[in-house]
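Asks: Listed below, chain by chain, are the residues.
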Amino acid sequence: MPHFSRLPGLTATALALVLGAPAMAQEQVPTYTLYGTPGLIEMPTAQSAPDGEIGLTYGAVLDQRRTTFTFQVTPRISGSFRYSRIDEFFGPGEDETYDRSFDLRVRVLDESRYLPAVAVGLQDFLGTGLLSGEYVVATKTFGGRVAVTGGLGWGRLGSQGGFENPLGAIDERFEVRPEIDFGEGGTVNDDVLFRGDAAPFGGVSVKLTDTLTFKAEYSSDAYAREDALGTFEPSSPVNFGLTYRPRKEFELGVSYLYGEELGISGTLILDPKSRETVGGQDIAPLPVLVRTQDVLASESWEDPSTAAGRETITGEIGQAMKGEGMTLVSLVFGDRQVRVRYVNDDFRSYPQGMGRIARILTHGLPPEYELFILEPVEKGLPVSSVQIRRSDMERLENRPGATQLSYDRSVIGPAAAAPALAPREVYEIPRFSWNIAPDLDLSAFDASEPLRAGLGVELSSSYAIRPNLIVSGAIRQSLGGNLEEGDPIRASGLEPVRTNVGFYNEVDTVTLKDLTLAYYFKPGQEVFGRVTAGYLERMFGGVSSELLWSPVNSRLALGLEVNAVQQREFEQGLGFQDYDVVTGHVSAYYDFDNGFMGQVDMGRYLAGDTGATVSLDREFDNGFRVGGYFTLTDATEEDFGEGSFDKGIRISIPVDWFLGTPSRRTVSTNLSSLTRDGGQRVRVGGRLYDTVKGGQNPDLSEDWGRFWR
Amino acid sequence: MALGFARSVAAGLAALTLSGCSTNDRPLFVDVGTTLFQGLTGQNQAVDLRAGLTREALKPVEGTAIVVYIEERGVSALMGELIATPNGRTFVTSDGISLTFETGFLKSTRGLGGDLMGAETLAVRQALGTTGQAVRVHDYLTGEDGIEQRRFTCTLSTPVREPIVIYEIQYQTARITESCSDERDSFTNDYWIDAQGVVRKSRQWLSPSVGYLEIERI
Numbered sequence: 085m086p087h088f089s090r091l092p093g094l095t096a097t098a099l100a101l102v103l104g105a106p107a108m109a110q111e112q113v114p115t116y117t118l119y120g121t122p123g124l125i126e127m128p129t130a131q132s133a134p135d136g137e138i139g140l141t142y143g144a145v146l147d148q149r150r151t152t153f154t155f156q157v158t159p160r161i162s163g164s165f166r167y168s169r170i171d172e173f174f175g176p177g178e179d180e181t182y183d184r185s186f187d188l189r190v191r192v193l194d195e196s197r198y199l200p201a202v203a204v205g206l207q208d209f210l211g212t213g214l215l216s217g218e219y220v221v222a223t224k225t226f227g228g229r230v231a232v233t234g235g236l237g238w239g240r241l242g243s244q245g246g247f248e249n250p251l252g253a254i255d256e257r258f259e260v261r262p263e264i265d266f267g268e269g270g271t272v273n274d275d276v277l278f279r280g281d282a283a284p285f286g287g288v289s290v291k292l293t294d295t296l297t298f299k300a301e302y303s304s305d306a307y308a309r310e311d312a313l314g315t316f317e318p319s320s321p322v323n324f325g326l327t328y329r330p331r332k333e334f335e336l337g338v339s340y341l342y343g344e345e346l347g348i349s350g351t352l353i354l355d356p357k358s359r360e361t362v363g364g365q366d367i368a369p370l371p372v373l374v375r376t377q378d379v380l381a382s383e384s385w386e387d388p389s390t391a392a393g394r395e396t397i398t399g400e401i402g403q404a405m406k407g408e409g410m411t412l413v414s415l416v417f418g419d420r421q422v423r424v425r426y427v428n429d430d431f432r433s434y435p436q437g438m439g440r441i442a443r444i445l446t447h448g449l450p451p452e453y454e455l456f457i458l459e460p461v462e463k464g465l466p467v468s469s470v471q472i473r474r475s476d477m478e479r480l481e482n483r484p485g486a487t488q489l490s491y492d493r494s495v496i497g498p499a500a501a502a503p504a505l506a507p508r509e510v511y512e513i514p515r516f517s518w519n520i521a522p523d524l525d526l527s528a529f530d531a532s533e534p535l536r537a538g539l540g541v542e543l544s545s546s547y548a549i550r551p552n553l554i555v556s557g558a559i560r561q562s563l564g565g566n567l568e569e570g571d572p573i574r575a576s577g578l579e580p581v582r583t584n585v586g587f588y589n590e591v592d593t594v595t596l597k598d599l600t601l602a603y604y605f606k607p608g609q610e611v612f613g614r615v616t617a618g619y620l621e622r623m624f625g626g627v628s629s630e631l632l633w634s635p636v637n638s639r640l641a642l643g644l645e646v647n648a649v650q651q652r653e654f655e656q657g658l659g660f661q662d663y664d665v666v667t668g669h670v671s672a673y674y675d676f677d678n679g680f681m682g683q684v685d686m687g688r689y690l691a692g693d694t695g696a697t698v699s700l701d702r703e704f705d706n707g708f709r710v711g712g713y714f715t716l717t718d719a720t721e722e723d724f725g726e727g728s729f730d731k732g733i734r735i736s737i738p739v740d741w742f743l744g745t746p747s748r749r750t751v752s753t754n755l756s757s758l759t760r761d762g763g764q765r766v767r768v769g770g771r772l773y774d775t776v777k778g779g780q781n782p783d784l785s786e787d788w789g790r791f792w793r
Numbered sequence: 199m200a201l202g203f204a205r206s207v208a209a210g211l212a213a214l215t216l217s218g219c220s221t222n223d224r225p226l227f228v229d230v231g232t233t234l235f236q237g238l239t240g241q242n243q244a245v246d247l248r249a250g251l252t253r254e255a256l257k258p259v260e261g262t263a264i265v266v267y268i269e270e271r272g273v274s275a276l277m278g279e280l281i282a283t284p285n286g287r288t289f290v291t292s293d294g295i296s297l298t299f300e301t302g303f304l305k306s307t308r309g310l311g312g313d314l315m316g317a318e319t320l321a322v323r324q325a326l327g328t329t330g331q332a333v334r335v336h337d338y339l340t341g342e343d344g345i346e347q348r349r350f351t352c353t354l355s356t357p358v359r360e361p362i363v364i365y366e367i368q369y370q371t372a373r374i375t376e377s378c379s380d381e382r383d384s385f386t387n388d389y390w391i392d393a394q395g396v397v398r399k400s401r402q403w404l405s406p407s408v409g410y411l412e413i414e415r416i
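Going down the list, the protein sequences come from chains A and B. In terms of this note's numbering, the first sequence has 345 at position 261, counting the first letter as 1, and numbering is strictly consecutive. In terms of this note's numbering, the second sequence has 221 at position 23, counting the first letter as 1, and numbering is strictly consecutive.
Isolated chain B (complex conformation) (with noise of 0.2 Å):
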């Protein structure tokens, strides 16, 4: 979806009364226009980049880089790695979205909308290759500004061999699935982990309005 339907209307609104306009940077008619504009056409559809994508053209990429796709949004991005500190490592796209990782799990995400502000993952990383249950946490900002702290129940399956491919080498890695739920939402992430513990590939939900990416690491 290109735009939501309310902020067509309320920059229709908004177009309607514009003289609070400031001095300082870009009549605010022009991004007013702009947004109706992309709304209106459906311009700014971002692709999936994917296909096209191949061991050769990923030759340039230096360190870790990751490759992430938002299903509901049926784009991907090319993201490298920006910083690794205790708190995460953390992947930015050119266009200043971030995602940060413990081991392979999200950590926080900004610039989608939906962001996952904060997350503890360790129970259920420490419950890897169990089927025991472990509790996440989720912070998610509110369209009030606040926080809402979200608390997930999960279940791990017993890890099962399944080879895969990233953009043409192969890797010997299990795959593990947490099934999560609260009293509102439940997810089922999957993860690819090899011998040497590293998330090669993962499926991760996010939070409702962004739903689940796609992550590959090259």
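Isolated chain A (complex conformation) (with noise of 0.2 Å):
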């Protein structure tokens, strides 16, 4: 073990080398419209931004300030989010109002040499519709700098300088567009889509130098309520535009619109693909001892015939993996191989801590020891094994292909059933934790109000009792904020299990959060089990129980839920009140090899309504997730209430991806769900899927490419 006491910082801190930017793509991209939207200025193009590239835009347009989430889901669809407020909204000194809206564009040609790209796109196609419209573009680019665009929209898109709809030829029922009957919002306008009028549009852009794009365009949109209304008269279709993007990460936009006012944008654009900070900061890695002539005549190690031998190898072997960011568990020595079994606690990739572990064995291991069997450990189940030679490690080390290589020369698969029979050490591992942090609760884009929050400290704690068995709580104490409290704003007419938050919200002494006893543990080989007693969640406690198969190189498992829950009380102590209810899922897991996570659950919900959840992730390699997820349950649209059925847009980002240090945190946020009673799960942590994904197949496969990091 010669090295390690010489291998510095493992406690670095510094960052004394700090990164720096890479330079800015230069093929031409679109700029963001007012609508938040790749386009011109309020009109849309055939263009499609980056592949995964995220937009949020603030658009100030007239009476109207939008705000616009869009994500590029695939090289050619992508889908927006938008939380407009729009003043005057009944008439000239009268109130705002706040509306939601979706859109979704496909862009079902690529531009050829003579032929331009070619988009569809509906823009506001769920719910109250103010903004609906939809579209037919195409834009040619000429010498990569000028871009014309030309297209036909209809709704709003189609009330400046209309003409009867073309599609009419097909069935006359194009002809016209009704009135949008919403109910209670949140379901597709089918019944409208491309009907009524359409209109032309069309325009241009001009890239005048690396930073500064010149726009102009004729809207085919005729502020036909506004100017009905009173609230604002365009004078002219033709809009100008300038926008400036002097670095990749934004762009601001000014207009003159409709010859009348000015607009502005701003633009924060978000590349999940490209992670600045790269490898990042993470310290480096003991280097591989490769076990020459001069290693074998020079170096001498611990006998692990022996009881003290194994123990001081142990020992040496747990301190340098602690120093890299894992905790050793246990080390089984075979002939001529080891099982190491750790806790991955710093790195969101598994073969990251894998290859560290492998490289510290070769220093640790007599010379006769050639394979390692490397089992992470979650919740003190062992969740795979991945199997890797030292003489690969040897030869592989520093080498282009390595990572290639290395993994194709790994076997991975379950962990070993039982612990064998041969010599073992175990390490000691920490038990106990605690952490006490700020803590804000978010809701954003409410109907009523753009941004509520709920701030507060809480004081957690876990104590694992054994490895598998861990006692945790947190409670919490409020510091004020404009979340709603007490009557619910819009009651649903099921029973009230999260429309109440309110009465939980008002409360200003501590409150328990949770403070449950879980217990985990492998019926089969690939089969993992989770039961929760206890405080479950602020609103409902009781017992949670799960079932998941999920086989280590497996695209697909299959979970099992059963909760037996009561409703807390709304102080958040230890009393509950009247309601209880049994809830259950099955669930499937799919991960899709192009880089999109599909989930259905079926079965009971928290009101007691039966249905499905679905939902789709697109999952980056990197860690980086934006989805979305929709719940179709028997609860009717009115007893629903406002939306309809629960939905919900949700963005989770790696916390290495912008720190640059290791971490295995995320930050998550969901976007636009409006909270019911229909469709609702309880929230309990420790959920079986999330527990052993990392560490299997395939993510396993997708991180592979730190091995060597």
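Simulated from the structure, these hints should not be mistaken for lab results. Just so we're clear, the structure is a prediction, and the values are computed from it rather than from any experiment. Among the hints, a few may not be true.
Claimed, not checked - Among chain A residues calculated to face chain B with C-beta under 8 Å, some are:
#	residue
1	Pro369
2	Leu373
3	Trp792
What the hints assert, rightly or not - Listed next, with one range per pair, are the computed distances between beta-carbon atoms:
#	chain 1	residue 1	chain 2	residue 2	range
4	B	Ile367	A	Gly485	35 to 45 Å
5	A	Arg229	B	Pro258	56 to 66 Å
6	A	Gly497	B	Val333	30 to 40 Å
What the hints assert, rightly or not - Listed next, the stretches of chain B that the computed footprint assigns to chain A, with coverage defined by at least 3 CB atoms under 8 Å from CB atoms of chain A:
#	region
7	301-308
8	311-317
9	339-350
10	379-393
Ideal placement from N, C-alpha and C gives every residue a C-beta, glycine not left out.
Two chains, two frames, a set of hints: combine them into the complex.
Replies: This is how it looks when you write it as structure tokens:
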């Protein structure tokens, strides 16, 4: 063990060498409109943003303030969620209103030498449809600096210079666009799409310099409703705009609109694929010790056939692993092989931790040990087994192609059922942890308030009685904010399981957020189990149990969950209210090989409604996730209330993606869910799929790029 | 540059959604706060310590050491040798950055962000002293945690006598220039090699984001 003590900086904190920014991409990328979508000023183009790009736009135009989140879901498909404040909505001097809207765009044809790119889009196609419009648009670029766009719009985009719908030739029902009957909102307005008058629009964008783009457009939006109400009267359909993009992370726009007013916009642009810190500032790993004649002659190791020797070896390896962000659980010495069970504390990428353990073992183990079997442990349960050959570590280190070769030569399978009888050493692992931190409870884009927040301070702690038997709890003191309090603003026709959140929010004393005892077990080699009992979340307590079948090398996993819960008192002490319910779901998880992750849960929800939740997330290999979900249950739209059914968009960003230092943590946010009583599940911590997923395939193969990092 | 703008923005966004922090180590808001603070104040800008370095000051250094200067960042560090194996000689800084060399040629780096994950320079090293062409292969980590392999075609110059001084000691060396390019980047490395074939000093390109390193062997 000659080199451990000489590897410095295990407690490195300083950013001694600071990272530079990669150069901006040179290809022509579309600018963002005042609607926060790729396009001109108000009108769309057929161009798509780069695959995976996220644009967050604030656009101030006339009487509207639009905040838009746009995600380029695939190279061809993009979706937007928009939250608009519309002033003087009911006429001059009247109140404002807040409106949420969704867009969807598909680029159906790529640009070719002679033909333009063509896209079809739906703007605000769900719910109230205040901004609803559809379009078909074509864009042709010339020489990389000039792009010319022409299109045909319907709805709002067919109101300026509109003519009889050409689709009327197919079916004359296309000729009339009915009023939207949105009911409780939130459903697809499929009876109005591409109906009513159509109108042409078009424009041109010219890239003046690398950072400055000039745009001119002929808008097919006459602002008819505003004109009729007397809140805005356009005097010209022609708009001009200038977009300034000094860095790849943001752009600013200013425009002169409808011959009347100025519009401004700003867009923050995130590219989940380009992690600016790339490899990150993780400390360097210990290099591989190669068993050369010199090393064999000069180094000596403790004798693993004695208990004392094993203890020394285990202690040294455990200490070195701790220094690199992992906790050794046990080391089993076999015939020229060892099995290492460990907890991955620091690395989002399991292979990165595995590469480090394998290198540490080349120093810590006598030369006859050739096979390293690494088994990451979560909640006391080994989730997989990865076999790595010592001679491969020696052969491949620092060589081009080493990453793929080391993956090809490793053997990934289920963890051993029980510890073998071979001599085994257990390293002491920490059992107790606690944390105190500010806690921000955010609710964005509410129908009456753009942003609600409640600030609190939270003390949490956990104690592992055994590695797989964990007591944990958290208390919270609210420090105020503008969260909804008291009676539900909009009650539903269902049992109030979430809309009564205001009563929970108004408690200003210390509350027990949760307090649970969780037991994890493995009833089979590829089956994981969990039972959690206690105060599961702030609104419900009881027992939650789960089984998950998740073979190590399978893209498919199946789960079963049954919960018996009772509603907690609003004070969030130890007491309960009368309402109790048994909920349960069968779940299927599928990790598609194109980077998408799908999940279907079918069963009974908290209000006693039954149905299914479908979710689809794009998961980048670096852990960045963007996705959406919806839940349909037997609760009627009227009973559900506003929104008609539960749905939302969610983003999850790994902390190492932006901090550049190793971490397994993520920050997540839910962009658009309006939490109602229908389709709600118990919020219990430690669900099994997320617990085991990172240590199994396909995640291991997707993260293997960091094996040698 | 102190901190990527995107990282500041993302860190700021994260500060708004702190509810996801865990119990194990420092609360997330401490990390985010530190990063933002450093980004805003430009703190933690390491300095170039080479000007103040003398042979006298280097006396306590045991074994082989190198002084490395990262041109684009304007920072330098003294690095001690950690280990020498058939896979290269690895030097480390006190805060956990490592550089690995194969007979003086950069083979891999860790901890610089845009790291060189591995390199094959055998053909170039074998061609030293000739004016032939050779290919070098570099592996890089991508933002999506994949590996991108790049192959550079390199032309070597004839050696030119050029004595150098490294902290008051003069070396008789020959300078060899290696000009490389692939379809995206081109770079020129310089090596000052003594009569025993030891690379005493070099200027080598690492990656698009890190740029050139200047390395002097002590």
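Asks: Each of the hints needs a verdict: does it hold here or not?
Replies: Cross-check of the supplied hints:
1. Pro369: holds, 6 Å
2. Leu373: holds, 7 Å
3. Trp792: Because about 6 Å separates A/Trp792 from the closest Cβ in chain B, which is inside the 8 Å limit, the hint holds.
4. B/Ile367 with A/Gly485: 35 to 45 Å: holds, 39 Å
5. A/Arg229 with B/Pro258: 56 to 66 Å: holds, 60 Å
6. A/Gly497 with B/Val333: 30 to 40 Å: At roughly 38 Å between Cβ atoms, B/Val333 and A/Gly497 fall inside 30 to 40 Å, so the hint holds.
7. 301-308: With 3 residues in contact (Cβ-Cβ under 8 Å with chain A), the coverage given for the region 301-308 of chain B holds.
8. 311-317: holds (count 6)
9. 339-350: Held - the region 339-350 of chain B has 8 residues with a Cβ nearer than 8 Å to chain A, which meets the minimum of three.
10. 379-393: Answer violated; 0 residues pass the 8 Å Cβ test.
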